[in-house]
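From first to last, the protein sequence lines are chains A and Y. Going by my numbering, the first residue of the first sequence is number 1, and it counts up by one from there. Going by my numbering, the first residue of the second sequence is number 357, and it counts up by one from there.
Since the hints were made in silico from the structure, they are not lab data. All C-beta atoms, glycine included, are put in the ideal place defined by N, C-alpha and C. Any given hint might turn out to be false.
Claimed, not checked - Examples of chain A residues toward chain Y, derived with CB under 8 Å:
{"no.": "1", "residue": "A46"}
{"no.": "2", "residue": "H75"}
{"no.": "3", "residue": "I79"}
{"no.": "4", "residue": "G80"}
{"no.": "5", "residue": "Y81"}
{"no.": "6", "residue": "P83"}
{"no.": "7", "residue": "D85"}
{"no.": "8", "residue": "F89"}
{"no.": "9", "residue": "H91"}
{"no.": "10", "residue": "Y100"}
{"no.": "11", "residue": "G101"}
{"no.": "12", "residue": "R146"}
{"no.": "13", "residue": "A150"}
As a plain string of letters, each chain reads:
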Amino acid sequence: MSLLLKNISLPLESFTLGMDVEVRGRVTAVFGPSGAGKTSLLDLIAGLRRAPSAFIQLDDRVLTDTAKHFSVPTHQRGIGYVPQDLALFPHLSVRQNLLYGCKPGGAAGRLFSFDHVIEILEIQPLTSRGVTELSGGEKQRVALARALLASPRLLLLDEPLASLDAPLKAKIIPYLIRIRDEFRIPMLCVTHDRSEALALADEIIVLVNGRVLQTGPVLDVFNRPASADVAAIAGVETLQAGVITDSHEGLATVKIHGATLTALAPATGTRQVFVCIRGEDVILQRDAARASSVRNRLPAHIMALRPEGALVRVELDAGFPLFALITRPACAELALREGDPVTALIKTPAIHLVPR
Amino acid sequence: MTLGEWQIVWFTAWVSALSTLVILPFGLALAWALARRDWPGKSIVETLVSLPLVMPPVATGLILLKLFGRRGAIGGFLHDRLNFDVIFTWRAVLLALSVMSLPLLVRSARVAFEEVNPRLEQIARTLGSGGWRVFFTITVPLAARGIVAGMILAFARALGEFGATIMVAGNIPGKTSTLSLTIFQDVQIGQDSSAFRLLGVSVVLAFAAVWFSEFLLRRKRKTR
Chain A
1 MSLLLKNISL PLESFTLGMD VEVRGRVTAV FGPSGAGKTS LLDLIAGLRR
51 APSAFIQLDD RVLTDTAKHF SVPTHQRGIG YVPQDLALFP HLSVRQNLLY
101 GCKPGGAAGR LFSFDHVIEI LEIQPLTSRG VTELSGGEKQ RVALARALLA
151 SPRLLLLDEP LASLDAPLKA KIIPYLIRIR DEFRIPMLCV THDRSEALAL
201 ADEIIVLVNG RVLQTGPVLD VFNRPASADV AAIAGVETLQ AGVITDSHEG
251 LATVKIHGAT LTALAPATGT RQVFVCIRGE DVILQRDAAR ASSVRNRLPA
301 HIMALRPEGA LVRVELDAGF PLFALITRPA CAELALREGD PVTALIKTPA
351 IHLVPR
Chain Y
357 MTLGEWQIVW FTAWVSALST LVILPFGLAL AWALARRDWP GKSIVETLVS
407 LPLVMPPVAT GLILLKLFGR RGAIGGFLHD RLNFDVIFTW RAVLLALSVM
457 SLPLLVRSAR VAFEEVNPRL EQIARTLGSG GWRVFFTITV PLAARGIVAG
507 MILAFARALG EFGATIMVAG NIPGKTSTLS LTIFQDVQIG QDSSAFRLLG
557 VSVVLAFAAV WFSEFLLRRK RKTR
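This is chain A alone, in the form it adopts within the complex (with noise of 0.2 Å):
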């Protein structure tokens, strides 16, 4: 999939929507906080809100050229649009909903299979109710399947789960999951949730303001944040590929390259995690021989000391890179230098495991 957004210029309130790139990945993730104009970008993409200046090419096929003055009507678009509040059509039955975007004359125009669909999200029980007796988790299926049956090119989101709490958010993640790998229909996926971004996208674009910060796979980004702007809302965690290789008693045993992590174990089965530790929560201690309740004791080396204001962000060589951040008098007190051996304690809660 190529989806080309070009010369894209659309004022919004505060500011203009500006953008110039190609998007490749198989999920993508529009990242940045509210307020950015994500949820404009994608009623752009969709056509159903016009731009001074915009360029949209879909694969093959230009959908927008405002220099042509040329634009294909939304509903000729095959673009999918699940939006946040999922709009699902309350005059109708949960059945009709999902069949609104069938093509008729059968199967032979579609990508994917009604009772496929149904089977994947698990809303056969659900066809013959009114919408309007759904809980949040299955309205939410129920928008994605309809979205799904339409046979979209493409599939946007915006905030799937932003409106779920924890528990269901957990539950529907693995949905999303199945759709992108059983359908394999690329996906542009609008998140201010990172969690959200790391669980299913591969690759990341940072909007803030109506301006790509940054673009690039999910973990580059993250850890490699290009700018301060982007650090601060991509965050400045350690975030490391990991795998679970034992779970009991609510609590799972994480591997990291060399290194053994106790975290509290997520919601879904998966052994294939992220792991995700705020530099804040990492405390350094000179002397290992020490007890205390902390689980998790990693021995590390220092690798560099940068000063951020009133604290010290410590790059930590445990086997993996770990960032600490501690006060400066802190930083002072330990006497830490670079090459300095340190043992590294995390608290078990304060890891947090992201299924991918």
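With chain A fixed as given, assemble chain Y onto it according to the hints.
Here is chain Y on its own, set in the frame of chain A:
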């Protein structure tokens, strides 16, 4: 009730229903354009449509008489080119009722259209529906109760229309006599019993129409 009275009731109900049907496509298109689009002259059209609600019906009737008379701008054309007369025929009744009841339909339908979440229409378009299909499968069904309520109000208004009708259609027995015209005439010539019978029919018809419209609006509020 005499046969003549029944005929008047039947004619009034029939021509009122017809006028409601005639203004329906036009009224819905106008209501949609007012609710969903911005265009130059919108506020003027908005005012013009509502004018018959506030102007004396007789004045509206006079304007119609001048426009549709044989020497009027529209009536002259229809008479000369198509040999088609409007004034003092049942068509004039239809015309008067349509013009007088259009504002009620447009106002009600407009509010109903405005209450439909535009996001639903947009998403319907991403699902491959063109403008017309979206209008008939999403917009109209979701605005249906407001539209039906507007139709009933328009119908009820048409049933009782007097001033404009008498100006453009006169009161020709067996041809253009409606309930209201006949009640007025009966009272004038002292046939009170006939007037009261027709009054009873009017009350029943009007009551039923308004009650049904209120019933629909109540259900609409409940389902939100």
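The hints, checked one at a time:
The beta carbon of A46 of chain A is positioned within 8 Å of a beta carbon in chain Y (closest approach about 5 Å), and the interface hint is therefore held. About 5 Å separates the beta-carbon of H75 of chain A from the nearest beta-carbon of chain Y, less than 8 Å, and the hint is met. Hint on I79 of chain A holds. Least Cβ distance to chain Y is approximately 6 Å, under the 8 Å limit. Annotation: interface hint on G80 of chain A holds; nearest CB of chain Y at approximately 6 Å, less than 8 Å.
A cut of 8 Å between beta carbons decides the hint on Y81 of chain A: the least distance to chain Y is about 4 Å, and the hint holds. Taken as an interface hint, P83 of chain A checks out: its beta carbon lies about 6 Å from the nearest beta carbon of chain Y, inside 8 Å. Interface hint at D85 of chain A: satisfied, since its Cβ lies 6 Å from the closest Cβ of chain Y, which is below the 8 Å cut-off. For F89 of chain A, the suggested interface contact is upheld, since its CB lies about 6 Å from the closest CB of chain Y, less than 8 Å.
The interface hint given for H91 of chain A holds, since its Cβ lies 5 Å from the closest Cβ of chain Y, which is under the 8 Å cut-off. Among the interface hints, the one on Y100 of chain A holds; its C-beta lies about 5 Å from the nearest C-beta in chain Y, closer than the 8 Å criterion. Checking G101 of chain A against chain Y: minimum C-beta separation of about 3 Å stays under 8 Å; hint holds. Interface restraint check: R146 of chain A against chain Y, minimum CB-CB distance 7 Å, threshold 8 Å, status holds.
A least Cβ separation of about 5 Å between A150 of chain A and chain Y falls short of the 8 Å threshold, and the interface hint therefore holds.
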